[in-house]
Amino acid sequence: MYFDFTDDAKDLAAGAREFLTGEYTPDYVRSVWDADGPRDPSKWTHLAETGFVGVGVAEDFGGLGMGDVEMSLLLEEAGRANLTEPLLETGAVVAPTIADYGSEATKKEWLPRIASGEAIVTVRLGDAPVAVDADIADGLLLEEDGALHLVGADSFTASQVDSLDLGRRVFTVEAITSSDTLLTDDADAYARTFDRAAVATAAWLNGTGQQVLEMSVAYVKEREQFGRPVGSFQAVKHLLAETVLQVETSRAATWYAAYAVQHDLADRTEAASVAKSFASDAERLANTNSLQAHAGIGFTWEHDLHLWLKRGKALEGAYGTASWHRDRIASLLLDVDQS
Amino acid sequence: MYFDFTDDAKDLAAGAREFLTGEYTPDYVRSVWDADGPRDPSKWTHLAETGFVGVGVAEDFGGLGMGDVEMSLLLEEAGRANLTEPLLETGAVVAPTIADYGSEATKKEWLPRIASGEAIVTVRLGDAPVAVDADIADGLLLEEDGALHLVGADSFTASQVDSLDLGRRVFTVEAITSSDTLLTDDADAYARTFDRAAVATAAWLNGTGQQVLEMSVAYVKEREQFGRPVGSFQAVKHLLAETVLQVETSRAATWYAAYAVQHDLADRTEAASVAKSFASDAERLANTNSLQAHAGIGFTWEHDLHLWLKRGKALEGAYGTASWHRDRIASLLLDVDQS
Amino acid sequence: MDLNPTPDQQVFREEVRAWLADNVPAEPLPPLKSSEELPSYKAWERTLYEAGYAAISWPKEFGGQDADLMTQAIFAEEYARLGAPNRINTLGLGLAGPTLMVHGTKEQQQQWLPGILSCDDIWCQGFSEPDAGSDLAAIRTSAVLEDDTYIVNGQKIWTSQGRYGDWIFMLVRTNTDVPKHKGITFLMIDMTSEGIEVRNITQINNDAGFAEVFFDDVRVPAANVVGGVDNGWGVAMTTLSFERGTGLGSHVRFQKNLDDLTGIIKARGVQDDPRVRDKLAALHVRNQVFRHNGNRTLTSITNGNPVGPEASLNKLFWSTMERDIFETGMDVLGPYAELADDVLDGVDIPSWHKHYWYARAACIYAGTTQIQKNIIAERVLGLPKEPRPAAATPAGSRSTAAAAAGTDS
Amino acid sequence: MDLNPTPDQQVFREEVRAWLADNVPAEPLPPLKSSEELPSYKAWERTLYEAGYAAISWPKEFGGQDADLMTQAIFAEEYARLGAPNRINTLGLGLAGPTLMVHGTKEQQQQWLPGILSCDDIWCQGFSEPDAGSDLAAIRTSAVLEDDTYIVNGQKIWTSQGRYGDWIFMLVRTNTDVPKHKGITFLMIDMTSEGIEVRNITQINNDAGFAEVFFDDVRVPAANVVGGVDNGWGVAMTTLSFERGTGLGSHVRFQKNLDDLTGIIKARGVQDDPRVRDKLAALHVRNQVFRHNGNRTLTSITNGNPVGPEASLNKLFWSTMERDIFETGMDVLGPYAELADDVLDGVDIPSWHKHYWYARAACIYAGTTQIQKNIIAERVLGLPKEPRPAAATPAGSRSTAAAAAGTDS
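Protein chains in written order, with the numbering used here: chain G, 1 to 339; chain U, 1001 to 1339; chain Z, 2001 to 2409; chain Y, 3001 to 3409.
Calculated directly from the structure, the hints in this document are not laboratory data.
Since we're looking at a predicted model, the values are computed, not measured.
Covered stretches of chain Y (in silico footprint by chain U; criterion: 3 or more residues with CB under 8 Å from a CB of chain U, positions within the stretch not fixed):
(1) 3133-3143
(2) 3201-3207
(3) 3337-3351
(4) 3362-3375
The C-beta atom is built at its ideal place from N, Cα and C for all residues, glycine as well.
Let the sequences and hints guide you as you build the complete structure.
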């Protein structure tokens, strides 16, 4: 039993932090917020060149040959940095799904292009009303009648909807599926893909929570009222202690779930629901308490805090809310015959 | 619009506080805990002599001629004192129910004896598994097929069950009802009686909450750690501030509900559910936080705090838990056509 | 206890209701985003003024109706129920005016009260500063007397209506040699004075409700001091005590929020989910409890009791409730919560977003949740104050809780 | 990341499971209410000892198995899963023994370790005092040297196993002229010494788990000092650091509590109520999160990382979870919650009550929730300590959070 990451994975994450915080500064994210159209496509290519998009793609196809576990560390970093590219969809969900369920031809067609940054593939699963970046996507992964389809850009249309997070470009999509677009009708493939997306979102939320917590800690150390740092007041201390309790413990649950998805363990679905429900609630607490810790200044558009607060609110409800996942767990606990 | 009590009611409550805290000391309550059989019957007579049992009984029948509103103030004092007599059942529920729904003959038979302390009548309504003091009761008020029956001592049997609150003597009961025992088959009479019991319990719980809060305030002012009263630490302050917020605001909601029951207002049921759900939750918070404020010493049998903690736990679930009442409110909000 | 209105109250309620029904603009006024929309709001204030409804609580001598608190509550409830336009001069009518009635000279009252009542002058509040939020007494904006003119320098922040204000009532530091509470003066400043610069603060809900106001050698007549030089802390406490009145009828507003929440629940088709029902009911319970406590307080004040630190219970209660109402809506919206578009039939999600973020600020402005809990602990429960730190601290910090009781950030 | 056990670990787990299945008494031991039930618990300890399972974590030289933490966790999980009897000498095996291994002399180790291992000597802990709970360094029980004997006077409280203890490891004050942390000595006292009086503390769940211990001129050989005179604070910190080990396998115990909760839910017939389902699922989620974090910590320690203030995250997590599990059970019981009788088929309500009250104490003992949050804020997040009050305060109070990290009240 070894519940930790390999040195390679830790190096990857450390590199990702350096790269992402350098490239995705608040100023850059604000430039995305302010832009009307799609982002500069070179950002995606650049991201892929680092290897981050292809973390889960086999080395034969140009990837790093790692898996969901390593990707979950990377997604934490993406959450911290507030990355504005579809790494979660293309890198964390679509690539491993194609690798796990696609035909050899499909793998050869898509995986090298994904790993290299040539292709963006977006996702719409479950009750999600929208898919991100669908207008620039080369493909769309979606479920129909329990089967997974991978639809090329010529077979779906996208219509933009505003998001409260201006860093997210989201679209309703209409797709034409057929036997040609079928990726797999394996009964469990869709379920696993949904779990994978939920776990990836949990990892991202953990990064968001860490980031807003750290910003809060830095702020309350510096901000003085009544002649002392506000962070020296117990009320503020305990607010942030309660936050780190949830945000930090959430991480191990997500890592376990990533492991369960990667190895398709028997408790995969339970683990995914544990991870996403806890991560959503943890991020929500961090979201609430970080604004409280920043008080007035955090409520201004000019302060960067809300860049993360809004991404957090957008992702809390993605791939199953906390209560949706608890409902699923309750079914496993109470409705299934336990042997 | 005058949302306050009359001077008479305030005088009554002040007198009740003096009387009850004098008679029902922790030492006395402990003697009840330690006793095997019924309590000294003179305690009930003595209580009735003060007029408290007959607060809601008309003066013609030997009562004080007040109503649910005044009784709710009295029940707060009973909760504060941890009264070990069935004032809630006999005085707050049965007496006004007989007054509101009984025939003249029934009123004449029962109300004078109730007001004078000669008769104890207990209650079992709804899904309550037990009735208090049924072995010494002269009567039992219960519902059957939507009708209210008032059953004499010769027509019901009682079998004792242990309570976690040793100050409560509770019994499962078996009663024989007939047209002779019928109090009323008014369709709304049972509903109003249940609401009345729920509101009375809310008032009692508000008293319990106030009492454990005040004990906590006194303790944390006096207890020193790290060279200062623990009550000067923000963490402790905020714990008790959160408690008083719920406990104090709960009172007005209960008073309103008592008024709504007394005057049988259109929103009576809603008001009762508002009161009981909020009071149960408020007392629960006070229960939790007062033990936390007392820390180790509050966890000893020797300290008096648990006398109230246990009564509180017993009453939280009586006449509808908080979630039962919220369910009822949800039906009023979502299922009934709102005009 | 008698919860029936008096005949007079009933008549007043019906009069107000009828008048509002006749006069409230059929189309809601456009959101007040810039000075472009200002005239329509001013016109509405003029309508109220002409009907005698601008400030019914004011004494008749100043143009009010001498309305008691119950009557004010009735007006506020009906106003909220009809969804009448947001008032734009509440800081003048509710704070500056009443403060002048207590602390102003006859001349000052004659100078400013008529303009407030008619809304010819919109007033804003200059209390908070970047380094004086919860710790209001730490203000540093200075006013130095030269002959009969004060020279004001410094910065205010979180100034509501700062963008449209004609006048600002300010706390300024006039003495740095005394404990911090004792060197503060309450000063009225014409916002058109030279040297004033107003910068909008865009909130995270993309509204611009607040402003920063910068003062660079602004010249203010000494006659504009209200309540005496270096006596501003006491005057400010009077001003803040009037904030209590602003909550009248707010349970009606929260009921509207709850109605909108019910709309979201139905649009999402989860009205039969017991978890959602439980949450809605719990919020409804809280608003009912809030309403009853409001009535209790109204009666208490009517009976001549002062409003004490219990005001902090009220603030803590509604601010957390409001936040939870909107957070619950976001939860129910689930995957739709991020969509700032009309993608859900009958639900105005963008408007919910605006309110959601603003509701979160409710736990910050007018005394943070943490400050309210301190006040409750120390002044309602009588718990000991925190010991003063050994390190040097400005004098007067003993009354930190009191100081921050009603600050605007 | 590799969550599969090694072949050795798998073999060990199967061995332990088989051995426990063969040896755990078929009938649960009677609750340890008085010394009457003690022999059966001692017999069980003897069985463990003879099988080499008394203290697998101890070094082989002291009679243990040198088991690494993973192996210890496996043992603890299987032990909890089989519902084996409560251990009665955990304070000896888990705290006194390991402390002696670090700070004791060869002679002291030889004197006490064998009796601990065999459970011939039951040990209890004498740290907390009536006025030294969270503020452990405030202890006042005095030990004054006369020739080569300490004369001990004072009182300890919250002494687990005080009723049955043969030995007690104590913190005593040996110097009153220095800052409070610097005048404390760690002392071993024979509980049969003259002048010791033990009074049971009955808990509100009517169990007698703790005792008060009074010392009246108790004579203790100076040779019983462990780790040096006036050096006891450091020794105590070592002792408290071993408390971390006590959590091994506890997720299995919480899973049993959750199973019982499920039993209550089914007995009340509310297993289809989505509100109840949501609560059960939320608790299950928390225990799974707890389990994963436990494994993360195991790996971290195995990799040689120290256990730091993160231990407070662990304590805060499980203590609030345990309380919520039992509170939820009380909620679900509703009107049955007060009935201390077997009135609900298949549910042992009296046992639930016992655990319910004890679970509430979990937020108090071993560092209250408030103390844990202080530690987390100051030592995990690095927030500034509270300023020292201006009023005179015992020296050394800077490290209050650390001091109280693992106190037993």
